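> Read off the chains here:
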Amino acid sequence: MLSRAEVLAWLAQYPKFEDTVLSLPYAPRMPKAMVKDTMEVIAMARKFNREVARPLALPLDRKTHEDPDYMPWDLVETANKWGLYTMWIPKLFGGKGYNMPSMSHFVEEVGSVCLGIANVIGVHYLGVAGVMSSANVRLTKKIVDDVIEGERTGKPCLIALAITEPSAGTDVEEVELEDKGKVTCHARKVKGGYIINGTKVFISMGHMSTWTVLYAFTDLKKPSETSVALMVKTGMKGFSFGTHENKMGQRACPASVLTFEECFIPDELVLFDAEKARKITNKPLKDVNQRYIDYVVSATRPGVCAFGTGAARGAYEAALKYASTTQVNGKLLINNEWVQALLAEMYKNVALGRLAYMEANYANSHRGIYQMLQLKPFFYYYRFMPASYFKNVIAKTLDKEYMSTFMGRVYYDWSRSHDQNCCSGWASLAKFAGTDIGVRNCQLALELMGSSGLRQDTGVEKVLRDAKLLQIYEGTNQLNRLNLFKCLIAPAVAQAKCFEE
Amino acid sequence: MLTAFRKDLVPFEELARSFAAKELVKKVEEHDRYPFGKFFDNVLERAHEVGFLGIMLAEDQGGISGGIGALCVILDAVCRVDSSLGGIIFANALSQEIMRAAGAHQAAKKIFSKATSARGFLVACPAYIDPAQVSSLPKETKSGKDYILTGSLELLVLGSLASWAVIPARLGATGPYSLFLVDLGSKGIEKSEPVFTLGLHACPAVDITLAKVKSQLLGEVGRGREYFSSASMAMHIAAAAMNAGIMKGSLDEALAYAKERQQGGCEIINWSEVSMILANMGIKTHVADLCVSQACHAYETDSKQWGRHGLAASLHVHEIACDVVTDGIQVLGGNGYMKDYGQEKRYRDARQVQALLGTAPMKKIGLIRELAGLEEACSYAL
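Just so you know, the sequences run in chain order D and X.
Its first residue numbered 5, the first sequence is counted upward by one per residue in my numbering.
Its first residue numbered 12, the second sequence is counted upward by one per residue in my numbering.
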C-alpha cells in the first residue's frame with residue numbers, strides 16, 4: 005500500500021487530482037443546508053415558470069418582433085416583486101443570501117422555458133459580480149442598498165456590466181489581448197473623479213438598469229495596466245443610450261449601446277483604479293485587472309453553461325412532447341427506436357451540461373470567489389445570524405476602509421494563482437460545453453419536428469434563436485477554449501505560449 | 012460549379028446574380044421584417060417578369076422549360092443573397108412539378124398561361140411536409156362528379172398570395188392520399204394570417220381550414236404519393252441548391268468580415284483558430300456545390316438511381332449547411348447575432364430550408380429502406 009505522502013505525490017502529478025475531480029473532495033465539505041436551499045430555489049423557479057415565464061415567453065418574443073423597441077418593464081417589475089433581484093445578494097449586504105451555485109439551477113429551470121426571461125433576471129447578477137469582485141466593500145454596500153430599496157418600494161434597481169466595445173469584444177475579456185486591441189473607452193483623471201468618453205455595445209439590460217459597472221482605461225495604449233472600473237448611474241450627465249440592438253433571439257432581454265461624452269464620475273463611484281488597488285493589494289494593476297476579470301467570468305460562465313443546459317432542456321422537452329403526441333405512418337414517433345435513441349442523446353446532453361456547471365461551481369465555492377460564503381463556518385454564520393444583526397451591526401463596518409483592504413487581501417493577495425486557473429479553466433470548460441450542447445439539442449429537436457418546429461407558436465425555433473447568443477457572450481466559445489488551454493493545459497507544458505500567435 | 016460544365020446555364024446564373032444585386036442586396040433586412048413589415052410585391056413582380064416563377068414549367072404553359080439545372084443555378088444565386096424569394100420560387104416550382112407528374116397539363120395551362128401578374132402565377136402547396144407521413148390530412152369525399160375536401164392543413168406555403176393550391180387529402184383516416192387543385196377563393200376556405208416562422212419570413216405560409224370545399228382531382232385517386240415523390244425527387248436537389256447558396260452567402264460575409272475586423276492587434280483571419288473555422292466553412296460550401304452539381308447531372312442525364320443520388324446529396328447538403336451558418340455567425344461574434352448583418356438570417360433560413368419536403372430523419376429512413384429493397388423505389392419515372 006502507499007503511504008499518505010506517496011498518495012499525495014502521485015495525486016500532485018499532472019493532471020492534478022484537485023483540478024480534475026472537483027465534486028469528489030468538495031461535495032462532502034458542502035454545508036448540508038445548501039441542498040435544502042437549492043431545492044427551494046428550483047421549486048421557486050418552477051413556480052415562476054408556471055405563473056410568469058411560460059405564459060409570457062412566446063407572446064413577449066412576438067411583441068418584440070412587432071415593436072423592436074419594446075422594453076419589458078412589466079416583466080422586470082414582476083421579477084422584482086418575486087424578490088429575484090436580491091435572492092443571491094449575500095446576507096452580509098442585506099440580500100436574501102441564497103447560495104451562489106443555486107442560481108445556476110434557477111437559470112437552467114427558467115432558461116428551459118425562455119432564455120430571454122432568464123437573462124432579464126440572471127444578467128443583473130453579472131453586474132452584481134462586477135461590483136463585488138472589486139473588493140470595494142463600501143461602494144458594493146451603497147449599490148446593493150439601492151437594489152434592496154428598489155425591491156422594497158417596487159421600483160426595480162438593476163445593475164448592468166459594460167465591458168464590450170465596438171472594436172473590442174474578445175480583447176477586453178483577456179488581459180493578454182487588451183494591449184493589442186483597439187479599446188476606445190477612455191477615463192481621464194481629473195480633480196475629484198474621472199471624465200469618461202467612449203462607447204460600449206451589446207450591454208444586456210443597459211436601458212433598464214439603474215446602475216452600470218463601466219470598464220474604462222486611462223491609457224488606451226496600455227489598457228491592461230490602466231484599467232478603471234466605475235459605477236455609472238442612468239441619467240448622469242454625459243451618459244446616454246444609443247440604439248436598442250436588434251438581435252436574433254433573447255429578445256425579451258434588450259441589449260443596449262451606451263455612449264459616454266465628457267461624463268464626469270466622482271471618486272466615490274470608482275470601484276477600483278490604480279490608486280485604490282495600491283491600498284488593498286501589493287499586486288501590480290495588470291494582475292489585479294486579470295484577477296478581477298477572472299473572478300467575474302469564473303462566477304458567471306458556469307451560469308452561462310446553465311443557460312445552455314436550459315436551452316438543451318427546452319429543446320429536449322419540446323421534442324419529447326412532440327414525439328409523444330405525433331403519429332407518423334400510423335405509429336407514435338416515440339415508439340420508434342431511433343426516436344428513443346435521439347431523445348436519450350438529448351437527455352444525455354442536458355445531464356452533461358448540468359454536471360459541467362456544477363463542477364465549475366464547486367471550484368468557485370471552494371477555491372474561488374464564493375469561498376468566503378460557502379465554507380461551512382461562514383455559511384452557517386450568515387445563515388443563522390438574524391437579518392437585524394447584519395443591518396444594525398455589520399452594515400456599519402462595511403463603510404470602513406479596513407473592510408475593503410481586508411477583502412482586497414483575500415481576493416488579490418491571499419488567493420493562489422493555481423486556484424484562479426482552476427476556477428477560470430473550469431468556468432470556460434462549462435461555458436463552451438453547455439452552450440454547444442444547447443445549440444446541438446435545438447438542431448436535433450428541429451430535425452425531429454420538421455414543419456412543427458419551424459412555427460414560432462410551438463416555441464422550439466425560439467430556443468434555437470435564443471441559444472446561439474450563448475456561444476458568443478461572456479467570451480466567445482473560441483476564446484473560452486483558449487482560456488481553458490491557458491489555465492488547465494499550458495501550466496503543464498513549459499514550451500506552451502498563450503495569446504502570442 | 013454547375014455552370015463550369017454546363018455553359019448553357021451561364022445566362023441563367025448571370026441573370027439571377029444581377030437580379031439579386033439589383034433587387035435584393037440592399038433590402039434583405041427590410042424584406043425579412045414580414046409579416047410585421049411590408050411584403051415585397053414589387054420584387055415578386057420583377058421575378059415573375061424575368062421568368063423565375065416558371066423555370067421548370069413547359070413553354071406552352073407559360074414557363075421557360077429550363078430544367079432542374081437552371082432552377083438550381085437560379086436558386087443558388089438568389090439564396091446567396093435572400094432565400095425568402097428562393098422559397099417562393101421553390102414552392103411554386105414544387106406545385107408545378109406535382110401538376111406535371113399528375114398529368115394535369117390542362118389545369119396548368121389554364122392557370123399559368125392566363126396569369127397576368129406574379130400572384131396569379133403562384134400555386135400554393137404544403138412544401139414543408141411529405142403528405143404520406145402526415146396522419147391528419149384533409150378528408151376527401153365524392154359527390155357526383157365533384158370531390159369535396161374537409162379538414163385542415165398547416166403551413167400552406169404561398170397560401171396568402173396564390174389563387175390556387177395543391178392540397179393532399181385522404182379518403183379515410185389512413186391509406187393512400189390523392190392530390191387536388193383547390194381554388195383558394197372558394198366558399199368554405201378559411202386562411203390564417205401568415206404564420207410567423209423561424210426563417211424565410213418573406214415566403215409566407217398560412218394555416219388553412221377547408222369546410223366542404225369543391226376541388227379538382229389531380230391525376231388519379233390514391234396516387235398522390237407517386238406524384239409527390241416524382242416531383243420531390245427533383246425538388247430535393249433544388250432545396251439543396253438553396254442551402255448551397257445560403258452557405259456561399261455565409262462564407263462570403265464571414266470572409267469579408269474576417270479580413271476587415273481586428274482583434275488582438277491583427278485581422279482575425281490571421282488568428283489560426285478563426286482560419287480553421289473559415290476553412291471548414293469553405294470545405295463544406297465547396298462540397299455542397301459539388302453535391303448539387305452532380306445530383307443535377309445525374310437527374311438530367313437520367314442516370315441509374317438518380318433519385319437516390321438527389322436525396323442523399325440534399326440530406327448531406329442540409330446537414331452541413333446548418334453547421335456552416337452557425338459558424339458564419341460565430342466568425343462575426345456579437346455582430347453576427349444582429350439583424351444589421353446577414354448571418355443571423357442565414358442561420359434561421361438554412362434550418363427552414365432543411366425542413367422542406369418533410370423531416371430529415373424520415374427522409375433518411377425512407378432512403379435506407381429503399382436501398383435495402385424494403386420499399387418501392389422513390390424515383391418514380393412519370
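What the hints contain is simulated information worked out from the structure, not anything from laboratory work.
Given the structure is predicted, the values throughout are model-derived calculations rather than measurements.
Note that CB positions come from ideal geometry on N, CA and C, so glycine has one too.
Heads up, some of the hints might be wrong.
What the hints assert, rightly or not - Label-pair distances were calculated between CB atoms; the ranges are: (1) X:A32 - D:V194: 22 to 32 Å; (2) D:K352 - X:I379: 20 to 30 Å; (3) D:A345 - X:K120: 42 to 52 Å.
> Decide, hint by hint, whether the structure agrees.
Results of checking the hints against the structure:
no.	hint	in the structure
1	X:A32 - D:V194: 22 to 32 Å	violated, 52 Å
2	D:K352 - X:I379: 20 to 30 Å	holds, 24 Å
3	D:A345 - X:K120: 42 to 52 Å	holds, 49 Å
The structure fails hint 1 only (numbered hints given earlier).
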